[in-house]
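Trainee: Spelled out from the first residue to the last, the chains are:
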Amino acid sequence: MENVNIKINGLDVCAPAGSTILDAAHIAGVKIPTLCFLKEINEIGACRMCVVEVKGARNLVAACVHPINEGMEILTNTSALIESRRRTLELILSTHDKRCLSCVRSGKCELQELCQELGVEDENHFEGESPEYELDESAAHMIRDNNKCILCRRCTAVCEKVQSVAVIGPNNRGFSTFIGSAFDMGLGDTSCVSCGQCIVACPTGALYEKDFTDDVLAAIADESKHVIVQPAPSVRAALGEEFGYPMGTDVEGKLAAALRRIGFDRVFDTDFSADLTIIEEAHEFLGRVQNGGVLPLMTSCSPGWIKYCEHYYPDQLEHLSSCKSPQQMFGAVAKTYYAEKMGLDPKDIVCVSVMPCTAKKFEIDRDDQNAAGVPDVDISITTRELARLIRKLGIDFKSLPDEPFDDPLGESTGAGVIFGATGGVMEAALRTAVETLTGEELENVEFQEVRGTQGIKEATYNVAGMDVKVAVASGLSNAKQIMDKVRAGEADYHFVEIMGCPGGCVNGGGQPQVHAEVRNYVDVRAIRAKALYDNDEAKVIRKSHENASVKRLYEEYLGEPGGERAHHILHTTYVKRSIN
Amino acid sequence: MLAKKETVPFSGTKEQEESLLKVISELKDEKGAMMPILQKAQDIYGYLPIEVQTIISNETGIPLEKIYGVATFYSQFTLSPKGKYQISVCLGTACYVKGSGDIYNALMEKLGIVGGECTPDGKFSLDACRCVGACGLAPVLMVNGEVYGRLSVDDIDDILAKYE
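Protein sequences, first through last, are from chains A and B.
Quick note on numbering: the numbering used here labels position 290 of the first sequence as 362, and the sequence is numbered without any gaps.
Quick note on numbering: the numbering used here labels position 97 of the second sequence as 98, and the sequence is numbered without any gaps.
Derived from the structure by calculation, the hints contain no laboratory data.
A hint or two may mislead.
No farther apart than 30 Å at their CA atoms in a straight line, the calculated lysine-lysine pairs in the DSBU-like style are these [to be verified]:
1) A:Lys233 to A:Lys419
2) B:Lys99 to A:Lys557
3) A:Lys648 to B:Lys111
Going by beta-carbon spacing under 7 Å, a handful of chain A positions derived as facing chain B [what the hints assert, rightly or not]:
4) Leu83
5) Ala238
6) Asn243
7) Asn244
8) Arg245
9) Ser253
10) Ala254
The beta-carbon is built from N, C-alpha and C at its ideal position, and this holds for glycine as well.
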């Protein structure tokens, strides 16, 4: 690509033609503050934080959207600019609920940080009318507090462009503008899929998950309850960020140790039920292939994707695997097999899950998710809530030893841990399906074609003389492309993995928020996914069907994969929903 | 849960729906079709209730929230029908300084609606208007074109009673 020569703050900079001033400054190592800008998602130049002076320009220009030209001379940090940015912040603050001390986002709020950096001295510099909004608590998974909203539109851009859902947007105009849904519907009344991508996009405390950490503590304090916990694969790849570890640090051992110190009676692992999912799903897949069932089979691990399919493709539900998600399979096994083994009444078991996901909060209350007559999972908290809980209890995370998970529901293989990255479920399923079909041991268990953070991946594998065509999609706008092909009868895939969030669970709506300035230039998905692939590579057992605890579960309790008992405990049903 | 406001029941006819569907099928493949479709829909129904916006959303594939966002952005679009009796209060300069703002506020309170809305029984709708050319009678309001002048807040009950 052609390069353009410009000057930034008097320094010569060479950047590709077509770059924005912001990108060119990034190349030169010059930081320009941003607030509404999310690369490739929200590029609207609205908030005016990134204004810069361009020689010859009449007004200050927004660096995030303004392209560079040959010979352009740019100043990014004059006192006039700093004054302008500070004034912008003061205006934002004039209608902002400034109760920061009790705000869930305090300390990680991008608005708060900018106020500190730019030296806002009086948060009440502009006084006057300030709108008051009721909290929207109608959704199962999250709360919208428009009193903290700065109208940056990062959430609405993600909802529309990345997820193709678009149930939130700006309503009214001018001073009356607020972000909400059509006809003042609560989010819970819309076809919101609960993915939580709006929460991780939000720069402030306007959007946050419903916090159930007090429920967890109450359950632990109740002596009559046996409280068990299961963290999802991708939690170990991101939790460390909350405690100062570099992005992509696998903190599996400290995670188990922290959960034990919180006071759970048993510390298990969703990786176990990820392996179990593979056995059931691979069995279902082979069954459909051999018996002329509906193809492609589509994975059902991601509750955001499931809800999306139910709302937007209710005519295609027969493609969905009937397998419960790993979270639900875990709870179902805990309250049947494990309860029986331990001589416990399922009613006395409290199953807590730690998930990278907000849709899991919705999933636990779905119908047909109660194998023992009680909910499979009782409380689902996000990675962020777990971090909050660890801090609240004064657990010094960094000084924790590495500890293992408990038996029997804590044993897992490398196939289980890669569930957290897009393509991971597909790869895990292929490891098992190929060995089952060929009856031979795989020489190489890595299926590189389905790895990586591209939105849609396709591959064809010749297995025992049959071409198996697979696709992997993450992010619902990519899922939409696949589903439109499936609906039109133009897709000849046999097996499709879909994850609701871009990059899969590692980038889930319940994961630690990453500052936009980092997120804009670093592939969070790839870095966190690497932690999971490294974890897999270091494992001796890397195939789900070789998980000894899973094998024992079938021998002692479930019987055959896909058999009557397995079906009753591990499978579920779906409902048609409408678009609102 | 956000509070839901009671609205006038939708009473669209089959003919109206057919003309709306015709408009949509003519326009929907054009770029930027939403605005002209909304304008035509308002011509057909007089306003843009959820039923109408839902038809537009289903037929065009444009998410309902996008349509609602546009419909609430432009003041020429209205989400409420006009009442059997349309009340316009003049908020022009002369009327305003003579206290028409108080009259407007009192009407909102008595009717239980805000400007631009219609009472749930479909009887009264309320709007603000600019100078009606009767400044000598300020403050002025009109009901279906009939002018009432030199008003005070105390006159409102009598005026409304005429239309009960």
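Trainee: Are the hints correct? Go through all of them and say.
Mentor: Here is what the structure says about each hint:
1. A:Lys233 to A:Lys419: Measuring from Cα to Cα gives roughly 43 Å; hence the hint is violated.
2. B:Lys99 to A:Lys557: 65 Å, violated
3. A:Lys648 to B:Lys111: Violated, because 44 Å separates the two Cα atoms, which is more than 30 Å.
4. Leu83: 43 Å, violated
5. Ala238: With a minimum Cβ separation of about 4 Å from chain B (threshold 7 Å), the hint on alanine 238 (chain A) holds.
6. Asn243: 5 Å, holds
7. Asn244: 5 Å, holds
8. Arg245: 5 Å, holds
9. Ser253: 6 Å, holds
10. Ala254: Hint holds; alanine 254 (chain A) Cβ to chain B Cβ min 4 Å, cut 7 Å.
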